[in-house]
Amino acid sequence: MASCSPLLLLVLCALTVAEAQLKLFNLRASKLDSSFLGTPDGYVKVFYGSTTLGETSVHDNDRNPWWEEEFTHFNARENEVMRLEVYDEDFWSDDLLGVCRRQIKLGTHEHECVLEEGGTLHYTYSLG
Numbered sequence: 001m002a003s004c005s006p007l008l009l010l011v012l013c014a015l016t017v018a019e020a021q022l023k024l025f026n027l028r029a030s031k032l033d034s035s036f037l038g039t040p041d042g043y044v045k046v047f048y049g050s051t052t053l054g055e056t057s058v059h060d061n062d063r064n065p066w067w068e069e070e071f072t073h074f075n076a077r078e079n080e081v082m083r084l085e086v087y088d089e090d091f092w093s094d095d096l097l098g099v100c101r102r103q104i105k106l107g108t109h110e111h112e113c114v115l116e117e118g119g120t121l122h123y124t125y126s127l128g
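Going left to right, the sequence shown walks through residues 1 to 128 as this note's numbering numbers them.
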């Protein structure tokens with residue numbers, strides 16, 4: 001019976017990882033820059049691996065937006081990559097302000113990412 005215990009533990013650990021839930025929340029930006037004259041109309045597109053999880057609403061004329069949306073992905077795995085793309089909505093085509101990539105880990109984590117075009121994206125995620 002003792003020889004089954006390590007195998008059972010391995011199976012339970014594998015099931016726990018396979019059923020982990022990724023939750024992204026508390027998205028906000030500070031000091032966003034607009035590549036065009038004026039104040040940015042910011043929003044964020046959220047990806048887990050090659051899966052699109054959605055996008056936030058657009059905050060018009062706001063250099064420091066705070067988005068209320070939360071994004072969830074079931075069956076997430078530790079060490080996979082989450083990607084957040086920050087955009088400025090424009091009339092003809094939206095401008096990419098920056099991309100944040102994070103290899104996700106178990107637990108709850110707060111991060112910030114400096115955007116290529118100026119400003120910082122702040123966010124919290126949990127995996128478990």
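It is worth saying that the hints were derived from the structure and are not from the lab. Bear in mind that the values here come from a model prediction, so they are computed numbers and not experimental data. We put the beta carbon where it would ideally sit given N, CA and C, even for glycine. Some hints here could point you the wrong way.
Unchecked claim - Pair ranges (Cβ atoms, derived):
1. F91 <-> N26: 25 to 31 Å
2. R102 <-> K31: 17 to 23 Å
3. F91 <-> G128: 39 to 45 Å
4. R63 <-> Q21: 31 to 37 Å
Said to hold, decoys possible - Restricting the straight-line Cα-Cα distance to at most 27 Å, the calculated cross-link-like pairs of lysine-lysine (DSSO-like) are:
5. K31 <-> K45
6. K45 <-> K23
7. K105 <-> K23
8. K105 <-> K45
Going through the hints against the structure:
1. The hint said 25 to 31 Å for the Cβ distance between F91 and N26, and at roughly 30 Å that hint holds.
2. Checked against the given bound of 17 to 23 Å, the beta carbons of R102 and K31, roughly 20 Å apart, stay inside it.
3. A hinted range of 39 to 45 Å for the beta carbons of F91 and G128 is consistent with their spacing of about 42 Å.
4. For the hinted restraint 31 to 37 Å between R63 and Q21, the CB-CB distance of approximately 33 Å keeps it satisfied.
5. A distance of roughly 18 Å separates the Cα atoms of K31 and K45; the hinted pair therefore holds under the 27 Å criterion.
6. A hinted pair counts as satisfied when its Cα atoms are at most 27 Å apart, and K45 with K23 qualifies at roughly 14 Å.
7. About 12 Å separates the Cα atoms of K105 and K23, which keeps this hinted pair within 27 Å; it holds.
8. Distance hint between K105 and K45 is fulfilled; the C-alpha atoms sit about 20 Å from each other, no more than 27 Å.
Checked against the numbered hints given earlier, this structure breaks none of them.
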